[in-house]
Amino acid sequence: MHNFILQLAQENNFQSTRLLKMLHAIQKRYFHISEEAIEVLAKQLDIPRTHIQNVVAFYSFFHTQSSGKYTILISDSITDLMLGKSALMSYFAQKLNVDIGCVRTDGLVSLNNTSCTGMCDQGPAGLVNGYVLTHLTKPRIDQIVDYVNREVPLALWDADLFRVDDNIVKPDLLLNQKPLHGQAIASTLMRGLSETLAEIEFSGLRGRGGAGYTTAWKWKFCREENATQRYIICNADEGEPGTFKDRVLLNSYADSVFEGMTVAAAIVGATQGFLYLRGEYVHLLDKLEAVLEARRVSNLLGCHILQKDFDFDIEICLGAGAYICGEESALIESLEGKSGIPRNRPPYPVTQGYLGKPTVVNNVETYVAAANIAVHGGAWFADKGTAKSKGTKILSISGDCKTRGIYEYAFGTSVKTILDDCGASDVLGVQVGGPSGVFISNDEFERKIAFEDLATGGSFIIFNHTRSILDVVHNFSHFFAHESCGFCTPCRVGTSLLKKQVDKIVEGHGSAGDIVALEELCQVIKNYSHCGLGQTAANPVLSTLERYPEIYQAMLKKISYEPGFDLDKSLETARRMANRDDAAAHLAQVENEV
Amino acid sequence: MTKTFVIDGKTIPYEEGQTIMQAASAAGVYIAHLCHHPQFTPHGSCKLCTVKVNGRNCSACTFPATEGQNVINVSKELNEDREKITQMLFVEGNHFCPSCEKTGNCQLQAVAYHLNMTDNHFPHFFENREVDASHPDVMIDHNRCIFCTLCVRASEQVDGKNVFAISGRGIDKRLIVNSQSGLLKDSALDVNDCAAHICPTGAILIKRTGYSVPIGQRIYDHAHIDVVALASEGEVHDH
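Protein sequence lines, in the order shown, are assigned to chains A and B. With my numbering applied, the first sequence corresponds to residues 1 to 594, in that order. With my numbering applied, the second sequence corresponds to residues 1 to 239, in that order.
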């Protein structure tokens with residue numbers, strides 16, 4: 001192992017910024033990252049061992065204990081639950097003969113939950129050693145269990161288990177364009193950099209990740225910074241449950257993504273770019289590397305791009321299971337080989353980003369749009385959409401509808417139109433923008449997809465009347481508690497308290513004061529958290545509490561107070577030790593309940 | 001002409017590059033805080049120092065002072081929410097003030113008193129956290145750690161040792177020690193290190209010094225934390 005790590009460190013020029021890459025390699029080879037491996041690597045990289053220990057503990061996909069030759073993770077996204085995930089998970093555990101969250105006694109295989117894998121249109125889905133498994137059914141699980149038990153290498157498994165479809169249902173402005181092979185770069189260089197930036201400004205393009213910052217301004221600020229080095233980053237850490245449009249763009253429009261990054265690089269004056277790919281999309285890695293290589297060969301990347309005095313290249317970095325890395329400054333931290341903790345702002349990345357240098361971070365879809373605007377001009381794009389939201393938005397539609405998949409709409413399209421198009425009926429409500437977005441009821445379907453109304457990064461989850469709103473809120477609250485980076489008090493403690501408080505109500509232990517307490521807690525988390533994750537973590541509760549207070553009220557007990565602490569349950573250990581279970585060994589939670 | 005901004009109606013002078021916290025301390029205005037210490041790079045994690053800057057919540061310890069800003073520091077809403085954030089810290093760890101050696105010298109306790117906190121409000125986590133008493137002169141009681149990272153920053157920035165780090169994610173965060181065994185005794189920590197003395201709570205204590213100052217004669221037994229902080233930290237900010 002010593003030699004393996006030595007060589008690995010050497011290959012990565014002893015750069016601690018490459019830490020995640022090296023840890024992925026170590027884990028792939030040894031199925032975990034041992035204390036010994038950490039010791040050796042820390043010495044090689046000349047960083048404190050605690051730095052590596054922290055990174056390993058921070059990212060969900062790294063472990064210090066072996067999780068077996070086959071590590072199986074099943075997506076716990078609400079969209080997978082709606083497709084029958086729970087029953088399949090139990091079936092899987094039973095067939096594999098392993099408890100959920102554990103490694104089998106023979107050490108061969110482990111089974112656990114994971115956050116949304118971005119396969120909401122083809123779930124229930126999971127990951128085996130990082131590679132996606134789609135359309136899980138009992139027969140497919142039988143097949144997987146058989147492979148595992150016979151220790152068949154992944155490369156020899158039925159390829160259909162790993163099949164990922166694009167499911168583009170309704171293409172529009174962007175998805176109707178063919179992938180770009182230099183047209184945008186050529187147009188940019190011919191038109192002039194400032195002129196192209198003006199076109200992008202005229203197009204009204206705003207960030208497609210959800211926050212909606214004007215793209216041209218971001219590029220302009222970065223360009224105007226006095227610096228010797230600048231960076232272009234593509235945020236492909238598509239972690240918002242229910243979103244999968246970046247997966248499709250990277251699979252079928254990768255050239256346009258890279259083209260957009262290259263145009264940005266030309267305009268701001270950057271020579272190095274990074275694509276930060278979420279760990280769940282490792283299945284795309286080889287394909288993306290091949291696209292990059294082809295672009296180098298075609299002189300669209302590398303030195304003297306299109307024979308001009310313009311050098312730029314792109315490196316792909318793989319995440320390791322952390323939703324927070326979708327936040328741009330956390331993403332930059334992760335790229336620097338650290339745990340993904342959002343930075344204090346100001347300074348913003350455009351002035352001090354990667355390695356302290358001016359950096360542009362944009363979403364995958366934003367680069368695709370920018371590249372096409374560079375070709376077709378700003379008016380082509382601005383022609384669609386509303387006054388404040390120009391162009392189109394690509395939506396990932398999942399949940400209760402006939403045709404799940406990718407739909408592109410001009411901004412300003414109503415929810416009703418979208419629901420009709422995807423064949424949704426008997427709709428209770430729609431979660432727009434994922435858990436961090438908003439739950440809208442069926443009274444609000446005239447509302448429009450637009451920054452000024454329903455802003456969204458693209459997640460669009462439909463729920464029909466057979467679904468329980470509290471189940472949805474329960475799932476989302478657990479998601480945020482699991483994904484909180486833990487940096488600030490309101491989010492670290494608050495999201496865990498929120499999870500407990502929602503559990504208490506959903507499980508029927510809530511009493512009169514609990515709704516008020518729930519709302520108070522939500523306000524503290526929302527108003528005081530450090531970053532967007534915490535500031536939106538209470539949205540599932542707040543947006544449903546506002547619309548359906550009666551659903552929460554109906555769960556409450558008719559007593560004035562019930563403590564959050566389960567007195568009787570806490571005596572379980574004592575009862576077991578005393579070997580008794582008679583009435584006197586139990587305590588009532590509240591006296592008037594007896 | 002000196003640049004100024006306003007906190008709760010009072011005009012505060014500041015120098016370019018100062019944070020709201022630095023300028024406020026220098027001008028004799030206390031803003032509640034726990035993870036901030038004038039000697040170290042601001043961290044911005046405890047969120048107690050949240051103030052309203054032109055209507056928006058910002059951490060005073062990291063947010064830069066700018067000309068004409070209107071800052072609200074003391075309001076019913078802010079103080080009630082600061083109390084809730086303090087209560088969160090209390091239920092996250094296991095803080096039993098009456099049996100803690102740090103009582104009376106503890107900033108967490110003093111801030112709680114300052115905010116008129118009378119109970120813990122939220123359900124306790126009752127996490128099982130360990131005590132590391134392996135070091136001959138210093139002990140860590142993880143029950144009382146609030147992840148302010150002051151020991152991390154002190155060890156790195158003053159002692160040049162990197163003895164401490166915060167590891168992990170979310171509610172599972174833990175203070176870890178830089179030694180192969182993970183124990184404090186095998187780390188480079190010396191009892192005279194800044195990191196051994198910086199803890200605002202009773203998480204890092206010096207052995208054999210317990211109760212040398214009797215309860216009743218301790219720092220916050222006679223003065224509120226705002227007065228103490230301004231007297232000690234204001235001076236540091238001035239330099």
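Some clues are possibly wrong.
[As the list claims (entries may be wrong)] Listed next, the in silico DSS-like pairs over lysine-lysine satisfying Cα-Cα at most 30 Å (straight line):
hint: 1; chain 1: A; residue 1: LYS357; chain 2: B; residue 2: LYS76
hint: 2; chain 1: A; residue 1: LYS526; chain 2: B; residue 2: LYS185
hint: 3; chain 1: B; residue 1: LYS52; chain 2: A; residue 2: LYS526
hint: 4; chain 1: A; residue 1: LYS220; chain 2: A; residue 2: LYS308
hint: 5; chain 1: B; residue 1: LYS161; chain 2: B; residue 2: LYS76
hint: 6; chain 1: B; residue 1: LYS76; chain 2: A; residue 2: LYS526
The set of hints was computed from the structure by calculation and includes no laboratory data. Computed from a predicted model, the values in this text were never measured in an experiment.
Hints and how they fare:
Only pairs whose Cα atoms come within 30 Å are accepted, and LYS357/A paired with LYS76/B is rejected, the gap being roughly 41 Å. Between LYS526/A and LYS185/B the alpha-carbon distance is near 41 Å, which puts this suggested pair outside the 30 Å criterion. In summary, the hint linking LYS52/B to LYS526/A is supported, as the alpha carbons are separated by about 14 Å, within the 30 Å threshold. As the CA atoms of LYS220/A and LYS308/A are separated by approximately 22 Å, the hinted pair is consistent with the 30 Å bound.
Using a Cα cut-off of 30 Å, the hinted pair LYS161/B and LYS76/B is violated, with the two alpha carbons roughly 42 Å apart. Restraint check for LYS76/B and LYS526/A: satisfied, since their Cα atoms lie roughly 18 Å apart, inside the 30 Å limit.
Of the numbered hints stated above, those contradicted by the structure are hints 1, 2, 5, listed in ascending order.
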